[in-house]
Amino acid sequence: MLEIQDLAARRGYVMLFSQVSFKVEAGEALIITGANGTGKTTLLRMLAGLSHPLSGKILWQGRETRAFDPVLRNNIMFVGHAPALKDELTAEENLALLVKLAGEEVALGALREALQEVALGARLTVPARVLSQGQRRRIGLARLALVPRPLWVLDEPVTALDPAGIALLTGMMAAHLSKGGAVIAATHQALDLPTGAMRQLSFQ
Amino acid sequence: MTTNSSPVFPVRTAMEPGDGVFTAFFWALRRDLRLALRSRAELGVQILFYIIVVALFPLSMSPDKELLMLLGPGVLWVAALLASLLSLPRLFASDYADGTLEQMALSPLPLPALILGKISAHWLTTGLPVVVLAPLLSIQYWLEPEVIWVLMAGLLIGTPVLSLLGAIGAALTLGLRSGGGSLLALLILPLYIPVLIFGAGAVEAVRGGMGADANFSLLAAGLLLALAGAPFATSAAVRISLD
Numbered sequence: 001m002l003e004i005q006d007l008a009a010r011r012g013y014v015m016l017f018s019q020v021s022f023k024v025e026a027g028e029a030l031i032i033t034g035a036n037g038t039g040k041t042t043l044l045r046m047l048a049g050l051s052h053p054l055s056g057k058i059l060w061q062g063r064e065t066r067a068f069d070p071v072l073r074n075n076i077m078f079v080g081h082a083p084a085l086k087d088e089l090t091a092e093e094n095l096a097l098l099v100k101l102a103g104e105e106v107a108l109g110a111l112r113e114a115l116q117e118v119a120l121g122a123r124l125t126v127p128a129r130v131l132s133q134g135q136r137r138r139i140g141l142a143r144l145a146l147v148p149r150p151l152w153v154l155d156e157p158v159t160a161l162d163p164a165g166i167a168l169l170t171g172m173m174a175a176h177l178s179k180g181g182a183v184i185a186a187t188h189q190a191l192d193l194p195t196g197a198m199r200q201l202s203f204q
Numbered sequence: 205m206t207t208n209s210s211p212v213f214p215v216r217t218a219m220e221p222g223d224g225v226f227t228a229f230f231w232a233l234r235r236d237l238r239l240a241l242r243s244r245a246e247l248g249v250q251i252l253f254y255i256i257v258v259a260l261f262p263l264s265m266s267p268d269k270e271l272l273m274l275l276g277p278g279v280l281w282v283a284a285l286l287a288s289l290l291s292l293p294r295l296f297a298s299d300y301a302d303g304t305l306e307q308m309a310l311s312p313l314p315l316p317a318l319i320l321g322k323i324s325a326h327w328l329t330t331g332l333p334v335v336v337l338a339p340l341l342s343i344q345y346w347l348e349p350e351v352i353w354v355l356m357a358g359l360l361i362g363t364p365v366l367s368l369l370g371a372i373g374a375a376l377t378l379g380l381r382s383g384g385g386s387l388l389a390l391l392i393l394p395l396y397i398p399v400l401i402f403g404a405g406a407v408e409a410v411r412g413g414m415g416a417d418a419n420f421s422l423l424a425a426g427l428l429l430a431l432a433g434a435p436f437a438t439s440a441a442v443r444i445s446l447d
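Top line first, the protein sequences correspond to chains A and B. Per my numbering, the first sequence starts with residue 1, numbered consecutively. Per my numbering, the second sequence starts with residue 205, numbered consecutively.
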């Protein structure tokens with residue numbers, strides 16, 4: 001599905017990583033671990049198409065892509081550090097806007113159902129400003145459920161989630177993998193995924 | 205061009221150029237207008253700033269009717285420029301901080317159309333009030349009714365240009381940690397000069413008996429040029445800021 005060849009990145013004058021190569025196929029999860037500042041976020045932003053690599057190639061289904069490539073934008077779901085929520089809007093309005101921005105049309109009923117699934121059913125109409133960090137993350141989970149994209153690129157997806165939230169996330173990831181999707185995630189925490197589908201890449 | 209081999213996921217073909225333009229434009233326009241209505245205090249500050257700047261000049265010089273009539277149109281134009289400049293840093297700042305801009309850049313919807321929607325909402329909330337308030341503020345400067353009409357028409361064509369050009373500067377100064385606002389002023393004010401010259405010049409032309417057609421044509425040409433170029437330039441600047 002996604003293949004990278006000899007990718008290198010630099011922050012200022014510091015070389016973050018070089019000659020990183022791997023391949024992720026349908027049904028596979030690649031978990032990226034490593035200490036803070038080793039370039040995990042930089043790598044994920046490159047995979048999502050948000051940033052230009054210093055050198056190397058990113059291939060989608062064997063075809064070379066550039067940053068902000070329409071092919072990447074149509075096939076990858078990127079969840080970064082910032083949850084992309086507006087404090088002034090309600091959980092429901094925020095989710096509706098994010099799903100529409102991803103180019104999907106979803107009925108209000110499905111939207112509410114997705115928020116029920118992530119245990120925000122009682123928080124539909126409160127402004128996002130009063131939601132906790134974990135609850136904000138859960139809106140992101142609802143977005144993952146509503147926007148079908150083959151590849152998920154997740155940066156620290158378990159941050160601020162409680163154990164129930166983490167279980168929800170790993171359940172969603174396992175379901176996504178079994179449907180033939182793929183996941184690339186950077187995390188410091190071990191995720192409870194089917195071991196056959198999971199590979200590790202560690203940055204030092 | 206299909207991009208998906210797995211049958212479970214709906215096959216998303218990369219959009220043709222032009223697809224989703226209206227969806228993207230109205231998505232951004234509606235959202236930004238809704239956000240503006242939810243934080244009305246911010247909106248009021250910009251309009252109040254415009255009113256106060258215009259009101260300062262008659263207070264700071266002799267209340268001579270001839271002098272005020274002469275200065276009035278120019279003062280209203282300069283105040284419109286400053287009001288636009290005051291509101292510009294906020295055009296992208298909150299979307300940049302909360303990650304929405306990232307998601308906009310990664311959306312399958314075309315980024316220039318999303319940005320044009322945002323610029324339109326910016327003009328409706330900051331430029332249009334400037335045009336609508338102009339007759340009221342003109343009273344302080346003894347402006348004649350026919351001059352007020354020319355002034356309003358000039359502002360109506362000119363203020364969208366301010367929003368369009370300003371968006372490029374706002375996007376370019378996004379990544380800066382401090383001093384973004386003052387750098388934005390240095391970057392954008394020189395570009396505003398032609399708009400100021402032709403806008404304020406329209407009033408002079410009418411008073412001199414020449415008619416404002418030439419000035420309006422030039423302003424409108426500037427608007428069309430900015431409308432065609434600014435969304436793309438701003439998209440490029442946004443992508444650079446995110447990289």
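Mixed in with the good hints, there may be bad ones.
As the list claims (entries may be wrong) - Cross-link-like lysine to any residue pairs, in silico, SDA-like; alpha carbons within 20 Å at most: (1) A:100 to B:237; (2) A:100 to A:124; (3) A:100 to B:234; (4) A:57 to A:21.
If you're looking for bench data, these hints aren't it; they were derived computationally from the structure.
Verification of the hints:
1. Simply put, residue 100 (chain A) and residue 237 (chain B) have alpha-carbon atoms about 17 Å apart, close enough for the 20 Å limit, and the pair holds.
2. Restraint check: the Cα-Cα separation between residue 100 (chain A) and residue 124 (chain A) comes to about 17 Å, which is no more than 20 Å; the hinted pair holds.
3. Distance hint between residue 100 (chain A) and residue 234 (chain B) is fulfilled; the C-alpha atoms sit about 12 Å from each other, no more than 20 Å.
4. As the CA atoms of residue 57 (chain A) and residue 21 (chain A) are separated by approximately 9 Å, the hinted pair is consistent with the 20 Å bound.
The structure fails none of the hints (numbered hints given earlier).
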